[in-house]
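Engineer: Dock chain C against the given chain P, drawing on the hints supplied.
2 protein chains.
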Amino acid sequence: MDNRLINRRDLAFQLYEVLEVQALTQRARYADHSRETFEAAIDTALRIALDHFASHNRKADEQEPRFDGERVHLIPEVAQALKAFCDAGLMAAARDYDQGGMQLPVTVAQALLALFNAANVSTAAYPFLTIANANLIAAFGSEEQRRLYLPPLLDGRFLGTMALTEPQAGSSLADLRTSAVPDGPGRYRITGNKIYISAGDHDLSENIIHLVLARLRGAPPGVRGISLFIVPKYLLNEDGSLAERNDVTLAGLLHKMGYRGTTSTVLNFGERGGAVGYLVGEANQGLRYMFHMMNEARIGVGLGAAMLGLTGYLHALAYARERLQGRPPGAKDPAAPPVRIIEHADVRRMLLAQKAAVEGAVALCLYAARLVDDQQSAPAPAQREEARMLLEVLTPVVKAWPSEYCLRANALAIQVHGGAGYTRDFPVEQFYRDNRLNPIHEGTNGIQGLDLLGRKLALEDGKPFALLLARLGDGARAAVAQPALQTHGEALARAAQRLASVSELLRGTLTTDPAQALANASVYLEATGHVVIAWMWLRQALVALAALPGASAGDGDFYRGKLAACQYFFRYELPEVHTRFDLLASLDRTCLDMDERGF
Amino acid sequence: MDNRLINRRDLAFQLYEVLEVQALTQRARYADHSRETFEAAIDTALRIALDHFASHNRKADEQEPRFDGERVHLIPEVAQALKAFCDAGLMAAARDYDQGGMQLPVTVAQALLALFNAANVSTAAYPFLTIANANLIAAFGSEEQRRLYLPPLLDGRFLGTMALTEPQAGSSLADLRTSAVPDGPGRYRITGNKIYISAGDHDLSENIIHLVLARLRGAPPGVRGISLFIVPKYLLNEDGSLAERNDVTLAGLLHKMGYRGTTSTVLNFGERGGAVGYLVGEANQGLRYMFHMMNEARIGVGLGAAMLGLTGYLHALAYARERLQGRPPGAKDPAAPPVRIIEHADVRRMLLAQKAAVEGAVALCLYAARLVDDQQSAPAPAQREEARMLLEVLTPVVKAWPSEYCLRANALAIQVHGGAGYTRDFPVEQFYRDNRLNPIHEGTNGIQGLDLLGRKLALEDGKPFALLLARLGDGARAAVAQPALQTHGEALARAAQRLASVSELLRGTLTTDPAQALANASVYLEATGHVVIAWMWLRQALVALAALPGASAGDGDFYRGKLAACQYFFRYELPEVHTRFDLLASLDRTCLDMDERGF
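Residue numbers (the numbering used here), protein chains in the order written: chain P, 492 to 1090; chain C, 492 to 1090.
It is worth saying that the hints were derived from the structure and are not from the lab. Keep in mind that a hint or two might mislead.
Unchecked claim - Cut-off 30 Å, straight-line C-alpha distance, at most; resulting in silico cross-link-like pairs (DSS-like, lysine-lysine):
{"#": "1", "chain 1": "C", "residue 1": "Lys823", "chain 2": "P", "residue 2": "Lys954"}
{"#": "2", "chain 1": "C", "residue 1": "Lys954", "chain 2": "P", "residue 2": "Lys823"}
{"#": "3", "chain 1": "P", "residue 1": "Lys550", "chain 2": "C", "residue 2": "Lys550"}
{"#": "4", "chain 1": "P", "residue 1": "Lys574", "chain 2": "P", "residue 2": "Lys550"}
{"#": "5", "chain 1": "C", "residue 1": "Lys574", "chain 2": "C", "residue 2": "Lys550"}
Looking at chain P on its own, in the form it has when it is part of the complex (with noise of 0.2 Å):
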């Protein structure tokens, strides 16, 4: 089962050859860490996450919450496999020492955390919420609002959600209607309705604790009249027992086609006079605030997304390598032996593009959260500044890339089972169907077209997007430099100037007709994220190259599988930017002038 559940070899290369995190202990926040403490942190969450988590992925799967109309009961192995993950101390894996916590770098957090992901999506959402609440009440609440809710938040005695979503508005937050009216200092009376909260209601802890966007009576209208309150369901006494509940309905459990052992829910605020809410921060900053962990959270998405893809592949892998059926083209005597189905180039294609896909996203993701580690604790401002540049301009594409392409790993996962994949009996249906909500939430990957070429394309006069683009020419330059990877390098090189091209062409047409200049961004959102990809690549094939003299057998034979993915990505892959470059630099208005009354 370990080896299904990721590949510690790809991790490890991740982690140390490409994006050398053994550097990060020469950081003072980092000094006391090292590779070994680093592996360490890894092999305590690999354990858990098998044995508390994998083992019961497919029961949570069969066996949902379900609503009583009092009370929503799961099933018991999900509160077991809380107790030991907060029991070892993840729930703060990133946080302050002196907060309890393990201080490790963001990478190396979110690789451990993403390892729960591959295991078991469903219950790993309860704490993973936890933890990007806990963050935000960190950053941004009061000193008695940390003192109240962090220690309970970060031990697991209560959990937290975050209530965005309404019913009216979906994903545009300009149209919340959620209402806030002062009832005494710092604390207000919430009314409104909430939809598609992730643990909204269940029986796994305490308390949750839901950060809910609402307007403050008399708040500018759209998105800058929000603001964020914390709204506990059972209300605190001083000393932080808890008292009476507040006034938060479970209007219902909504039932998914996957994701099945996390509650989604409806939630009202209200009902009976309005539920207490504590203001955090400043009023109608609500949403900088979300936005501010919203990016962590988008990485997340992106990696947990890319982990679903990684687990299908490596159960493929592991399929292909031990069913036995057919014989390769041209040995037509049937009394010959059947073949592992390995052997057949098209299993072979299969498997390769899984592996160009999730390794690809595993890259990518990483490399993000080695950029938020660059912006919270590089020694030189410069390098802090361009990290974060980099993240505004990369988040959309973390986000979206991996859901889709990770996704469609999955199908691949199983196809490569045939029959035996459809059914239930195998784990890969369910990475499928789990996998499917990532394109949707946190942003739909609509939304996040809009908001690389509406947004950050032009952000800060274009200084991001500059900046992804020179990396993208050094990545290039790097892979010309060795003949190996030349071919690569070049075609990195000419795509990257078309994402130049038509990104000026596109920046143009913003300022003089917006909707037409946007009406293509989901074309240019996945041929900017193939593009992203094909530099990971190359940054992965750089250090299998350089390291491939004098590799043990074993090494040898991973090297060169990557390789041998990374030239799969650029011949399968790659070349099918330049149709959708040709697309976008034709500023071509089918979508948009379609009529709808010809549908």
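Structural biologist: Chain C alone, transformed into the frame defined by chain P:
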């Protein structure tokens, strides 16, 4: 609901305007028919599909068939639906009058049966398998077999299966092991295990007639030694009444991601001495008989996939027309009312992508059905022969392209719904799960690629393939002659020329290095599919363009929608074939050479 199941206007367009099925009534066999009788049959089918099939589509998904160790239990609606289907004579829609049939052309029969796939694919599987079973017995069974089995199969008292797959063999039919030993004249004892047998057990009918592939003792190895047997669950007396239970045991039900209402079974034949089976036709001809039906079965798979894509698209369209959310680019005033999401270009893109895929797929599958009609009843022998050849080469495309691209359409239908589409409160997630089977069964899409490139390309000295190329050229020229379609016509001509030159290269390589030639068979299949679908879009566009002057307002909208979807396909989809042809022309060995130690 009606207008979310199918688009009746489009069906009429495909049947009467593009395929001109009314011309078939000039053939003696269909002389009693007219457009009116076709429409009346479709009316009947649509009413039954809505009232008796669509009505329990979700329930059949939620309440799966259950095996209590003795019997298999299904929800009662399935039997009621079957009764309505049989009572309306639909089981014999394409059969002769003297067999109690409607004697409808294959094209019309396929079109009206396809409605049941849109309504409820898992319940439809029971009659569809029975129709295929009956067709096989009608074509190859003895007079006695036809007398005994056809009447109860055609009136639904008996239902049928196709028992091909075995656990150890999977797609590799050469490795079938189920054995048959003589036990009296025409009578055999069958022993072996079959898996993934759809409708292999249930409580819907008095009897179940299995058509089983098995080997006679001493038969040649491989596919040349396979015979076909009728193996009823209950043996029949001379007068057709039920006699004792045969030695066929249900070992268990398989539980699937979708298609849940159709039982998928593991069957053991001969646990108590051998199941009684009756040889169909001649010994060792079983696979030939089965493949005679398989070509039509593969049209059925393609059309079924297209219909699931179609109903998903129509649901997404209805949702996009009603759901209010967000504002167009530039209209940032949050006080302005939100717009229907169909007004967003990216939503229109997702709808156009679905329309282009599903209407292109429907056009292809009905075109193939029309070829079956021509093969069977065209007046001129040359026309029958041409239809046969085109069918040979198109069949793998007809099976594979819709099953891949209409599944992608289902993914987009979910995406248009956003979070709602991921819940089971909307049907699109079920369409997506149901449709995921289609790339797998009736020959995986990987096998379709091997069939197209490895068999069909060089079949009959390449004549069928040359005929397809000629037809593509004709289609391109017809479009070039119309100024409004000239660009598309030229694009199709270029794509078809690429297909021709790459195919010539691969055909040569097939003889020198089959492993090399077949390494990218799936890529070849996908590129060929795109070229064929582009042709199907030009066929539709030519008809729409010609009908536009003087069309009613509603028809005008419809025809302009066709032209827009055609344009979408030519601008967003067709250009991708050139990167695929580049790859194929390079005889890329990345997948073939991949060392499995590198995964």
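Engineer: Determine which of the earlier numbered hints do not hold for this structure and return their numbers in increasing order.
Structural biologist: As far as the earlier hints go, not one is violated by this structure.
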